[in-house]
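Enquirer: Keeping their order, the protein sequence lines are chains A and B.
Under this note's numbering, the first residue of the first sequence carries the number 1133, and numbering increases by one thereafter.
Under this note's numbering, the first residue of the second sequence carries the number 3, and numbering increases by one thereafter.
I should point out that these hints are in silico values taken from the structure, not numbers from a laboratory.
Watch out, some of these pointers could steer you wrong.
[Stated by the list, open to error] Listed next, the stretches of chain A that the computed footprint assigns to chain B, with coverage defined by at least 3 CB atoms under 8 Å from CB atoms of chain B: (1) 1157-1170; (2) 1194-1202; (3) 1216-1229.
[Claimed, not checked] Straight-line Cα separation of at most 27 Å, DSS-like style, residue types lysine-lysine; simulated pairs: (4) B/Lys49 x B/Lys103; (5) A/Lys1215 x B/Lys32; (6) B/Lys16 x B/Lys32; (7) A/Lys1136 x B/Lys103; (8) A/Lys1215 x B/Lys103; (9) A/Lys1139 x A/Lys1215; (10) B/Lys238 x A/Lys1139; (11) A/Lys1155 x B/Lys32; (12) B/Lys220 x B/Lys238; (13) A/Lys1226 x B/Lys60; (14) B/Lys220 x A/Lys1139.
Here a beta-carbon is modelled for each residue, glycine too, at the ideal position from N, C-alpha and C.
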Amino acid sequence: MKIKLEKFGTTLITRELGSEAFKAFQPTFRELPNNEDLEIDFSGVLTLSPSWADEFLTPLLVQLGERLQLLPSDNLSVLATLKILQEANKREFKYSGSIPAI
Amino acid sequence: MDDKLLTIGQTAEKLGISIDTLRRWDESGKLVAIRKDGGTHRYYREKDLEVFSSDLFKFASEWANNGTEFPGTFYCQNSARFQGKLVKMEQELMRKPGFEKLYSLIVLISGEIGDNSFAHNLGNWPDTSGIFFGYDLQKQVIVLADRGLGILETLRRVRPNLPSHVAAVEVAFTEFISGRAPEKRGNGLKLVREVVSTQPIDLFFTTGDAEVRMQDSKKDFHVTRGEGGIRGCLAKIEF
């Protein structure tokens, strides 16, 4: 299953809205078969902040582990946010490509 | 154009303040009105209003320090209003030559600093809720401020032994911790530090008597004790 984060907005900033987005995603998430990966597509996102992402991506990482796959992005805020979340969670995302230093 | 005169009503609407405030500011000399041919009606030059509104840092710092009123156009009472204004800034910034990629990091750090003010003070604002959020993309400056509890008081909820504002700001910018225990949160300011230290972005941040200046070539992070002392937080981002 692939989800486009753009569906939740293009400026993904606050913790409050990250949490709302995660709740809104639950019905779709429940349909994910146990043997299927969840791909996250960042295309179309203008700004992603660690506050928003910590409410959305962190719980998915905890629940899915390796089955959570992040698709490549060249957006600087996406890359910076993924890097800090990995440090905070002491756990790496499965990302197609490398997350460069900002 | 420069000499276009606005009535007091038009001026109040433009600045987002009341007519009474404009009358007070006229009497105190803060923003002096013009009177035509010795009349009693107050008028304002449009150009003068632009100059008056341009000193974002002065407005924010006076408000954070002593609650001085400022043009309501810079006021975000809630997180939704802040988000709306931030998206508007993002749209303008991404069209600015040279900022086609960097815009997202500038929006990110502005968003994190502003969101922190709301997240850490929700239900606990000492007097005025909400934040000051002003930007001037021509001068390439963004200013944010709040009259909240400040970093020391919010972090003491999880680190009761923090001795000073300086120590609290050190922790906020360098450790993964949050004032909103028991939630394991708080990575925004760490990323603000990393982004500012590697990108052509300057930051001045103050809360209590602690100050962070990451400017020009001095991008090493250290917190110093300043002379002033504000209760909430005040930040200036230049790029």
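Enquirer: State for each hint whether it applies.
Expert: These are the hints, each one checked on the structure:
| no. | hint | result |
| --- | --- | --- |
| 1 | 1157-1170 | violated (count 0) |
| 2 | 1194-1202 | violated (count 0) |
| 3 | 1216-1229 | holds (count 4) |
| 4 | B/Lys49 x B/Lys103 | violated, 33 Å |
| 5 | A/Lys1215 x B/Lys32 | violated, 47 Å |
| 6 | B/Lys16 x B/Lys32 | holds, 17 Å |
| 7 | A/Lys1136 x B/Lys103 | holds, 20 Å |
| 8 | A/Lys1215 x B/Lys103 | holds, 17 Å |
| 9 | A/Lys1139 x A/Lys1215 | holds, 23 Å |
| 10 | B/Lys238 x A/Lys1139 | violated, 32 Å |
| 11 | A/Lys1155 x B/Lys32 | violated, 49 Å |
| 12 | B/Lys220 x B/Lys238 | holds, 16 Å |
| 13 | A/Lys1226 x B/Lys60 | violated, 46 Å |
| 14 | B/Lys220 x A/Lys1139 | violated, 40 Å |
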